[in-house]
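So the protein lines, in turn, are chains H and Z. Quick note on numbering: the working numbering labels position 468 of the first sequence as 641, and the sequence is numbered without any gaps. Quick note on numbering: the working numbering labels position 51 of the second sequence as 1269, and the sequence is numbered without any gaps.
Calculated directly from the structure, the hints in this document are not laboratory data. Hints should not be assumed to be uniformly reliable.
Pair by pair, the computed Cβ-Cβ distance ranges are [what the hints assert, rightly or not]: (1) H/Glu978 <-> Z/Leu1301: 34 to 40 Å; (2) Z/Asn1302 <-> H/Leu1116: 38 to 44 Å; (3) Z/Gln1348 <-> H/Leu1116: 42 to 48 Å.
Here are the computed lysine-lysine pairs in the DSS-like style, where the Cα-Cα straight-line distance is at most 30 Å [what the hints assert, rightly or not]: (4) H/Lys1088 <-> Z/Lys1271; (5) H/Lys919 <-> H/Lys946; (6) H/Lys1088 <-> Z/Lys1306; (7) Z/Lys1286 <-> H/Lys1201; (8) H/Lys1201 <-> Z/Lys1320.
Residues of chain H clear of chain Z, computed beta-carbon distances all greater than 12 Å [claimed, not checked]: (9) Gly1043; (10) His1099; (11) Arg1140.
It should be emphasised that the depicted structure is a prediction, and the values quoted were computed from it without experimental measurement. All C-beta atoms in this analysis are idealised placements derived from N, C-alpha and C, irrespective of residue type, glycine included.
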Amino acid sequence: MKQLSFNLVVLATEVKVPPNITAALRADNINLTIESAYPNASIKSNSIAVILVTWLQYTEMAEDVACPLIIIYPTGVEEAVYKLNDSRIIDVVCQTDLGRLEFVLKKWVSGDVRNPQLKKITKALAIDENAERLNLVIEASNAGVWDWNIDTNEEFFSAKWCEIIGYQKADAALKHTYNSWAERIHPDHKESVFAALKAHLEFNTPYDVEYLHLHKSGEYRWQKSIGKALYNEIGRPIRMVGSIFDINERKKAEAALEESKENYRKSNEIQQAIISALPDLMLRISATGEYLDYHAPDHSILYRKPDEFIGKYASDILPAAVSEILMNGIKEVLEKKHLVQLEYELDFGHELRQFEGRMMPINKEEVLIIIRDVTERNQAVDRIKKEEERFQLMVENSNDIFIITQPEKVNYVSPNVKKVLGYTAEEFTVIDLQKIIHPNDFPHRWNELSEPGSSLQFEYRIKNKQNEWRWIEAFGINLSHLESVNGMVFNLRDITEKKEKEAQIKQLNKALGQTVEQRTKELQKSETLLQEAERIAKLGSWEFDLSTEIVTWSNALYEIFAVDPNQPVPSFAEQKRFYEREDWEILNKLVQRAIEFGEPYSVDLRMLRADGSKGFLLAKGEPQKNEDGVINRLVGIAKDITERKTAEELVQKLTNRLEQATKVSGVGVWEWNVKTNELIWNDTMYQIFGIEPALFTGIYELWESTIYPEDLPLVKKEVAMAVSGTKDFDMEFRIIWPDKSIRYIKGNGTVRKDENGLAEFMIGTNWDITESKKADELVREQRQTFEFILEQSFAGYWDWTVGSETIYVSDTYKKMLGYENEPSFNTVTFLRSIIDPDDHELLKRITEDHFSSKGEKPFYGEVRYRHKNGGTVWVITKGAAIKWDETGRPLRMIGCQIDITKRKMLEADIEKNRKELEAFSYSVSHDLRAPLRGIDGWSLALLEDYGNVLDEKAHQYLSRVRSETQRMGQLIDDLLQLSRVSRIDLNWSLVDFTALAYEAYNRIDEAANGRRIEMIIETNMKVWGDTKMLDILLTNLLSNAIKFTGRCDEAKIEIGTKLQAETPVFYIKDNGAGFDMNHAKNLFGAFQRLHKQSEFPGTGIGLAIVQRIVNIHSGSIWAEAQPGRGACFFFTLNAGNNI
Amino acid sequence: MELKSILLVEDNLSDVDLAIRAFEKTGLLNPVFVVEDGKEALDYLFCTGQYFKRDQLDMPGLILLDLKLPFVDGLSVLKQIRLNRIAKNVPVVILSSSIEEKDIMAAYECNVNSYLRKPVDFTAFANTIQQLANYWLKLNILSPKPR
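One chain only, chain Z, in its complex shape (with noise of 0.2 Å):
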């Protein structure tokens, strides 16, 4: 069966490559895939700009998103992915230093499916990188892909 990629919005470099070498902790095979803003994110899921060569089906099993982004803000990007017709029902996970309440609920309020606080503490971090990549890539069920 063909792996599903991870996407991962993080603008902070150290924490992408951090994130990265805490996924090859894990021993998972799945292609991570790393944007640094809001609008290649954007750009990647919906096929614009750059990527308009993608294939519009091809969704990420994962996405990895920072709230605190250049250009376009996580939450906007959240937004626009629940509003889209494909892309709607791929699993979103925050991935934040904030836990600040606001944020919190606005997260949910966009329909997250999981809000996760960075560790400063790098086991830690790598712990919840392995049971995300677990959870969501190998016990969870995804929906099936729209027709």
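Chain H with its partners taken away, still in its complex shape (with noise of 0.2 Å):
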């Protein structure tokens, strides 16, 4: 290929020609040699200019240049370029858009370009007025165009195209360039959007796209857009105009409808699914009975072929009978419109079928039926009645009863547990088996049951309806895992016979067994019959051969020592360490003195065996001679003594002991020789039958001699049950002394028997209980005078073993609930029975509170009982528990009880007079004012509306009218207040007298118009009280004080305590008017008054408000006082309890 070489010149520096496109044009044998040639050009004929254009420099630059040029222009110019006439001008290309120089250049290369007349360019470009029209038709459309001048990437957008996107058209948000579209473009789009364009404007194939661009709600919306290139002479595209449809509102169409496709598509498979799925035929069946259409599983179910029935009418198919039954449906699905159901049989030829139809309407002429073949179904159902049939002959007709329950309930009894043990099923399903199963044979194994699956098979014995005893072989199972038993099943069987042989057989074979056994025994006993006598008797024989030494020991004596059989015989000096020393050394001695002098020997000795265990052994020696009648050996027995030893060393402890005791507890010990008639005693009881042991007879005649006589034919009853072994002898009775006193004495005793089981021995004690019989009479007297007290004090009287039923009561307490004669009255069950129910809740908490404080709480309260005759006693219940255990357990509580009716009703009648007294009071307060108030009021409108039509008298009257009726204001108030202190409930605390001192005087003092008061009040009084009592007491006292001492220069008041008989006493002393002592009698009585009205002013309840208070703090009051001279107040409070 032909080699090109060019030389690019540029002429101007802000171009730099990029580096690719020289690569890319040398790859296409072009040979691009870039020089820079400008301001000075000198450019060869074969070069190419590239012009960076201002237009002075063009016109500066260009005229020089021969060569053709490309003008290379910045934005904004576009229009002079394309108004540039210049034959040499090739093309022209966007500063911005360089990379289109390799395209311009291989075009010219290629000689597609010659000399391009830019003039007609600009002439394409150029709107007429068709197109002008055109514009606007497009506008008027739903269309928004676009015009994209390709060089300069500009992009006309119209106002319509602006408001796709949702812009204005003057927005500056949104440029009007290609990028600014071209950016919108959804990212999935823009690929295809701009191959689209690509191959329009090189290929020119239709520009026709959609896709989903940027709407300025931040949302894409679906474009379609539409275009065409414009070129210029050289083909060039050099623009491109178009216009954009909103197509979004069509393609969510298209999607939705889309979408609905696929869901109707989806149901219908779901459909045909399901009906291809369903076991049934369904026939579309016209009113006439006309057969329209079929759907069924397979033909199987099909009567007929579908050609042989399709189109024909059911009269024609089907018999006579079933196409009754179908059309009588037909006709009443279509009349009525609902579901009909029908059932029918067809014979197949080889078997008949049943079918279930059910029926629905279509429309008016046509019915839908749905018929499911139910052949096997109704054989199963069959089947299972022929099943619970012969169960049912089975069970019945069997011996065997079958038994269906669960753990709480039985549900199935067969009914011939009637023929096997004589109840009904009814009976037996609600018997109580614990009852009829045999004590001795009650199943413990039910648990073996438990699991689901289990079975267990067992024997026991049970009482027929006859009350005999059958023997039953039980098989149960467990079958809760199966719904349709959910329990247990059990299968009885009367095995009564079978166990009755089979105790025969046991009987022979045990009698057969045990001749055999005796016939061995016999055998075995004749052998070792000997070694088992030694054995059982733990006696041994043993030899001493002198000459040999060599000792030989019997079986049994290997035992008795605890030495291994299989050891050699120790020698006689080995069996040192058989005993203990010392009796070694008796043995030896022994055995040297026999050898010596032929004695024999029999001695008890403390052994030491084998295996470390003591014992005591009887030993016994012999010498022997042998013919010359020398001493050769030794022969003798040994016997294991060890039981009879430890027997009786226990026996001697136990005597001693026992002797010890009696005689410090004063315990008589007796034995009587029943056979013998012989009575032993030991020293105690002579004392306490008052007996000299000379006088003694020592027969059992003599103690029942002593008995009282009324107690001695108990006591002998006694003894003979006793000695018949009925039970053993033990009683109280008295007997009487030589000196005829009476004592009580306890008895007991016990039989011995020998072995024939005859009373042999009766040993026994005797104790004299006299002291604490007594002790017992003084207790139930002393109780007898205690209640006899409560009794006159109107007290009833209880004790109660807490916890126990029963509780005694006083006869007192029952007369005063009216039930003197009832028996059943000492249980807690009726006590409770009559108290009221609100105070059950008050006793039971004072019980606990009792209880659990130990008996710290009191046991206090007054509860309401309902007397016999339905009264209501009201009682105060008092009592305390007296006996705890050690865990601090109550166990014994006594108490009494007093009625109070008599005062609740009294307290209610007070309580009704408060109530009255109140309402009175408050009466007082409001209506005996209200009158007062009118008085003054319209006596004063009268002074001052007619004041000056009346004289000066009716003036004064005026003036009288209304002080008289302010004084009557306040003495209102005054016995409001007097009442008012006896009815409020009192609130006690610990008063600071002193300071309530201080506060009442800054009051008073302030209504005192500022008068001087010399005031003296003692420092840090204190005193029990109510604060508002006490401070009504000193405001009163502190008032008089005040108002007695207005008419002195220099007033004085003191406010203290003294001692007097070690009383505190209260005290308020003025040097005011005083008052005559004579007169003062009745100084704290209402209404009294020592002064004229007209000099001190006053109601005269004041003080009787004092005493009153006084009175309830349970103080008292006085008074000292001179005419003139002050007077002095003086109070105790709380007597006895100030601090």
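Fit the two chains together into the complex; they arrive one by one in their own frames, and the hints show the way.
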């Protein structure tokens, strides 16, 4: 290929030809030499000049240049560039689109373009009038118009275009450039849109795209865009115009359509699937019974082949009876428009089949029938029925009882239980098995049946209706995992006869076995009898050969010494280890003597067995001589006497101890030999019975003769019972001493029997309980006295062992409630029943408090009982636990009860009176004051309104009316306060009396018009009392003092305390008017006044109030005074309790 | 500005006249409306019964309430007022002869604004009324009308 070389002269320093362009050209055999020729261009003719144009430069430079020109222009000067009319220009490139240089150069080189005439391009670009009109039309349509200048990348968007993506045309945010459009394309669509655009520009394929474009709102909306490029003379696209349409709605609709199509398709598929999965035959039948259509899972369900019945009538196909059923069904369905069910049977030749049909109307003329073959189902039902019948038959005819049961309830008992056990099934269902199963056989293995599937077999005796024991073999199986049973199934079988036979066989076998055994034993016995005897007697024999010093032992000896029988017999010397040291020495000595002097011996020895245990041994030895009369051996026996020895020791110990004990405790011990009638007493017995030992005859009758005649028959009876073994002797009885005094005895005795079971001995104890008896009697007497006293005080008494149902209640208690003759009165339940239910809670609480506080909190309360006559009895009940166990639980509780019904009634009366008084006071305060206000008010009105027509006297009278009225008001107030003082509930606390006095003084002083008063109040006075009351008291006394010092020049008031007979006395002293003690008799009575109203006004109630407050505080009040020399009021509060 | 009215609930006509006389002496121009029993007071306030035509929102600036009243007693009236959406913020002053502790307690339990005792002395009574009217109708700032 021809190599072409060009010199590219760049006439502007700002233009940098991208190296990739030159590289790309080189690949096409175009060598591009780039040189910068500006400003003094000397350009060869085979060059292309690339000029960055400012118009001044262009005209300056281009004149001398003869070669072709490519104009590179900055944005903004497009119009001017298009107007250039210079035949040297081969193309224009926007500075922002230098990449196009390659395209331009290639075209140039390939000779496609020569000397273009730009003028023509310009013309092509001009919009003529027609185009203008077209534009209007487009604007009027819903299309948005765009016009893209490919060189400048600027793009014009019409108002509609802008509107489609949500902008005003003038919106500064929307740039009218190609990029502004391109960037808005949805990333997924960019590739396809740009490809379409490129294809159109390069190959002129139609540009018609749909894509998502970014709307101002931020969402992407569907757009359709079509366009067409305009080319210049040299075929280069320079401009592209087109329009867009908002197709978002269409697209949405399309999508929705697509979706619904898809849904339809799916639901259709589902329906199809459902229908084809149905095992039923579906038939569409007309009102006249013509078969229109069918659907069948397979053809086996069809009575006839499809081509035999479609289009035909039911009456032609089906048997008359079935056809009638069908036609009636169709009629009913079409009339009533509801589902109709029908059943029928068809003969399929080889078998009869049952069908169940369900009919629904499709429309007025057509009916849908869904038909199911129920032959097999019906057969199954029949089978089950038959099975059941067979089971019933089997159950009823068998000798086995079947029971189906759940843990709490028997579900089924087969009726043959009547035959086997005599009970009807109903009886057996509810019977208590515990009662009819033999107690020894009651199955304790139920838990083995707890797991589903587990089974259990057992035998037991059961009582039949005739009360005979029958042996039953039971087999149980837990079928709770089977829904149809959900319980346990038992099969009971009467095996009594089998059992009896078994027993007979067993007995025979046993007898046989016994015979065999006996014979065998007899044989063995003869052999081992001796050894056995030895062993049983723990008796061993031995031999000691003196010449050989060999010792031989019988087997029993090994056992006695606990030596392994396989060991050789130890030599005599070695036997030392079997004895205590001292005992060995004794034995050794005896053996030596036997050898030397031929003396036999018999001795008890303490032995030490080989296994380390200790015991006693009876050792006997005898020397034996040979023919020559020389002692040559010793023979003997050894007997283990450990048990005997131990028993002896124990008896000895016990005897000693018992003797000691009986002596100390004063218990007499006796022993009576029933057979010989001999009676043995220990020393204490003589003391108890007051009998000299010398006079003791030693026979049973002696003892009997001492017994108080009245008690004798009972004693004899008890002794007889003891002898016969019925019960031990244990009773209290009285005896008569020789001095005729009567003593109380407690006796015990037990019988020893001989080997024949007859009473042999009777031993026992007697002790004197006279003192405790007397004490008991004393207690009884005391209680009687105590109750007598209580009864005199009308108090009822009760005594309760905590927790027991019975409770001792005294007669007064019963009488209080009208139950004096009621024996059942002594139960807790009964008492509760007559206690007012409202008081149960209180009783429970005080009882629990008393117990839980270990008696700290008193058991005390006022409760109501219902008297037998129906009335209410109020009582104070008070009690205390008097005995507690070591864990602090109460054991016994006693208490008393006092009838306070009368008091309660009085209290109610008082309460009623108080209420009335309160109501009275209330109305006084309201109703009595109101008219006073009127009198005062209207008097004043008269003075004010008619003062000018009233004379001096009338004025005076009216003033009197007013002042009297006001005094009346004051009087009412004071009376009210007096009554209130008695009514108010007190609040006790430690009151700072000093502070209270200051407060009262300050309050009154304000009202005293700033008079100069010397006030002395003692510091730190404190007293228990009600603050409000004490305030009223102080206020009254202080007011008095201030009032009566009103005429003094120098008033002086003193509040303080002094001790009088060790009791603090409060006082308030003034130097005021005082009073004459002779008139002070009723000083503290209401309305008592000692001064003229004109001198010192007042109601005379203040001191009455004061006295009442002092009384309430359990104190007293008195006064000392002299006319003109002041008064002093003394009072005590809370006598004895002041601080 | 429109003068707020005073509602006087008092069954003793002598007291009513005295109160009105006292009001006149104070020189206050506020209209005084008198009802003689508790039921009428409620009818007036809640625009029921004979007062059905009254404007519901037109509440008195002050209610003077006696405790002992026919039909419906003063405490009940007070309770009803405090439960009513429109009336609940109207100042209520108990004017009673009683200084029983339980009466005073009960009134304050029901959120009374003030409790005054009617003195026997009319001069003192007039003083009381004057101070009362002065405080509640001139100095006190009322709660805004409910909307």
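Tested hints:
1. H/Glu978 <-> Z/Leu1301: 34 to 40 Å: 57 Å, violated
2. Z/Asn1302 <-> H/Leu1116: 38 to 44 Å: 43 Å, holds
3. Z/Gln1348 <-> H/Leu1116: 42 to 48 Å: 18 Å, violated
4. H/Lys1088 <-> Z/Lys1271: 44 Å, violated
5. H/Lys919 <-> H/Lys946: Holds. H/Lys919 to H/Lys946 sits at ~10 Å (cutoff 30 Å).
6. H/Lys1088 <-> Z/Lys1306: 34 Å, violated
7. Z/Lys1286 <-> H/Lys1201: Distance ~27 Å between Z/Lys1286 and H/Lys1201 Cα, so the pair holds.
8. H/Lys1201 <-> Z/Lys1320: 15 Å, holds
9. Gly1043: 38 Å, holds
10. His1099: With a cut-off of 12 Å, H/His1099 comes too close to chain Z, as the shortest Cβ separation is near 5 Å.
11. Arg1140: At roughly 9 Å from the nearest Cβ of chain Z, H/Arg1140 sits no farther out than 12 Å, so the non-interface label is violated.
In summary, the structure is inconsistent with hints 1, 3, 4, 6, 10 and 11 from the numbered list given earlier, while agreeing with the others.
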